[in-house]
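Each chain, written out:
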Amino acid sequence: MQYDLVEKLKKEIAGFRDEPSLEAVGTVVEAGDGITKISGLSKAQSQELLVVETPDGDIFAVAFNLEEHFIGAVLLGEPTAVRVGAKVRGTGAILSIPVGKEMIGRAVSPLGVAVDGKGALFKDIDDAETAPLERKAPSVVARESVNVPLHTGIKAIDAMIPIGRGQRELIIGDRQTGKTAIAIDTILNQKNESNRPICIYVAIGQKSAKIARIIRVLEEADALKYTIVVSAPASAPAALQYLAPFAGCAIGEYFMDQGKDVLVVYDDLSKHADAYRELSLLLRRPPGREAYPGDIFFLHSRLLERAARLSREFGGGSLTALPIIETKLGDISAYVPTNVISITDGQIYLESDLFTKGLRPAVNVGLSVSRVGSAAQTKAIKKVAGRLRLELAQFRELEAFVQFASDLDDATKAKIHRGQILTEVLKQSDLQPLAFEREAVILFAALGGYVDEIPRPRIKEFEAGLLQYIESMQGDIFTKIASTRMIDDETEAALVGAIKSFIEVFTK
Amino acid sequence: MKYTPRIYAKALIESLAGASAAAHEGIIKRFFAAVRRRGDVRRVPEIIEAVRETLRRRVGGRLVEIAFARRHKKSILDSFRTLFTKHDEVVFRTEPELAAGVRITIDGEREFDQTAARRIKKLFR
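So the sequence lines, in the order shown, correspond to chains F and E.
Sequential numbering from 1 applies to the first sequence in our numbering.
Sequential numbering from 1 applies to the second sequence in our numbering.
Because the hints were derived from the structure by calculation, they are not lab data.
Predicted model, so just to flag it, every value in this text is computed and none were measured.
Just to be clear, a hint being listed does not mean it is correct.
If you anchor each label on the Cβ, the simulated ranges turn out as follows [claimed, not checked]:
no. : chain 1 : residue 1 : chain 2 : residue 2 : range
1   : F       : 208       : E       : 28        : 56 to 64 Å
2   : F       : 130       : E       : 18        : 54 to 62 Å
3   : E       : 57        : F       : 210       : 52 to 60 Å
4   : F       : 432       : E       : 120       : 55 to 63 Å
5   : F       : 39        : E       : 28        : 24 to 32 Å
Heads up, the beta-carbon is just placed ideally off N, CA and C, and yes, glycines get one too.
Could you build the full structure based on these sequences and the hints that come with them?
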């Protein structure tokens with residue numbers, strides 16, 4: 001054993017080449033709070049990876065501010081080890097992380113290091129491909145319009161705010177309104193998809209316990225086998241929280257370039273903006289509105305622009321982005337929320353009031369929109385859910401009159417009743433996403449008026465029973481809708497028959 | 001707004017350049033009084049370094065720092081000194097942690113490192 005090691009080392013020494021050369025170096029003149037000021041390295045590029053030599057070993061840093069005489073850099077390692085006078089070397093490389101299919105099913109740090117205790121990601125890190133954290137978004141020529149749906153498994157969203165692959169759909173709402181739940185349900189629902197995307201969940205500034213819980217949920221639901229978790233918890237330095245979404249995006253682009261579909265959840269960009277504000281203030285960049293730096297819009301737009309559906313000539317892959325923004329007291333007109341609303345292709349707005357009323361997911365249908373998703377909506381869902389938004393809007397207008405129901409005319413009463421039924425049907429517990437063919441069947445029954453006579457407290461029971469009944473008695477209905485992605489006349493007749501016969505059984 | 005050492009250095013050099021030799025002492029005294037008034041006394045070493053750097057650069061000189069692992073004879077040091085121009089400021093250092101070899105740093109920006117310490121580090125990286 002010892003002999004082998006000695007021989008191996010001798011071979012390495014024999015093959016060692018060290019050509020004399022002039023290297024660019026700098027010196028640390030100031031260090032603190034995860035930030036360092038470096039003199040020298042006048043040829044360094046923005047975002048260049050630097051190496052700070054410390055007594056405890058080398059620490060990486062990223063060049064952020066290139067000033068006349070100094071460089072402001074963000075430390076990516078233990079900042080306490082950096083001393084004034086420490087030598088800094090430029091690497092000439094832009095910050096990149098190792099990427100590969102080995103990452104699937106793993107939790108990694110924003111620097112591409114495994115954090116799940118399951119060992120190293122790559123057999124040999126030198127053989128792993130690398131992806132730059134900052135990359136130009138695909139050009140107009142490389143893109144194609146969004147035309148393939150990304151089912152969330154949530155009836156209210158798939159029916160009224162459909163999301164397409166390559167879209168950027170913002171999930172926005174106050175704390176504790178179910179934003180993460182929607183994202184996690186969407187990841188879980190991909191298990192039901194034939195063309196399953198690779199999912200990447202980027203946790204930015206979240207509690208470590210919450211991240212651990214999410215990993216456990218994904219593992220228990222067998223969804224971790226197609227998911228990568230990029231973890232930058234609240235305890236991580238601001239630099240890592242800032243880099244986390246870019247790392248998630250870089251990993252996603254690696255798979256997109258191979259022609260695969262990818263879903264990236266950024267949970268959440270409010271904390272990302274806060275981390276960037278912290279770094280910018282420490283680097284003494286001028287503060288702007290709400291003390292955010294002037295380029296906070298560009299920060300998020302360049303990240304979200306990297307979501308795309310590539311044309312066939314460019315591999316046909318896609319990267320769907322689901323950024324999350326946490327509002328304060330429902331204020332969507334704050335600086336960062338308005339920025340991200342304007343960047344994305346629509347938003348799912350969650351409301352605390354709806355949540356406390358028991359309407360879950362607490363989606364405010366009036367303020368939620370999907371600007372490009374309807375082109376990608378599955379025909380089966382489109383056919384049944386076309387009237388849903390209109391009927392719910394009519395119900396919201398009349399909702400205030402519910403307490404005077406006895407004085408209303410029959411037509412208004414019917415509209416209110418239908419609205420109440422539809423509201424009940426759209427309620428859905430978290431971690432229970434539905435395959436789109438099942439969503440289509442339930443929405444078909446509800447909008448066709450077949451559920452109108454069912455007492456509201458029994459609607460959930462009716463839904464579960466109906467799906468079970470069709471599965472066991474006429475399972476080919478699901479198979480047909482799933483394969484053709486539409487409800488043709490023949491399937492519709494079979495479906496009506498099945499619903500009617502189930503109602504007879506259910507109401508007996 | 002705080003004055004940087006480079007601004008102090010520029011102001012001092014330009015004041016001295018436009019005055020007679022007899023007035024130099026008075027200019028320097030008044031300069032340090034101005035530094036004291038602005039609460040920058042602790043930055044005096046940086047200011048002096050900035051003055052030296054500015055004067056060196058004006059004549060096209062560079063700061064050359066040569067580090068060895070141990071002390072060498074004057075003849076060896078002189079042979080190193082001949083590698084540079086008379087405008088370059090050559091400083092010799094002894095750093096035992098280098099183990100062997102020489103490290104030459106120019107203006108704190110470019111480094112020619114042929115020390116055993118660096119080779120060992122590179123070998124085991």
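Verification of the hints:
1. 208(F) to 28(E): 56 to 64 Å: holds (59 Å)
2. 130(F) to 18(E): 54 to 62 Å: holds (56 Å)
3. 57(E) to 210(F): 52 to 60 Å: holds (55 Å)
4. 432(F) to 120(E): 55 to 63 Å: holds (60 Å)
5. 39(F) to 28(E): 24 to 32 Å: holds (26 Å)
Checked against the numbered hints listed earlier, the structure breaks none of them; every hint is satisfied.
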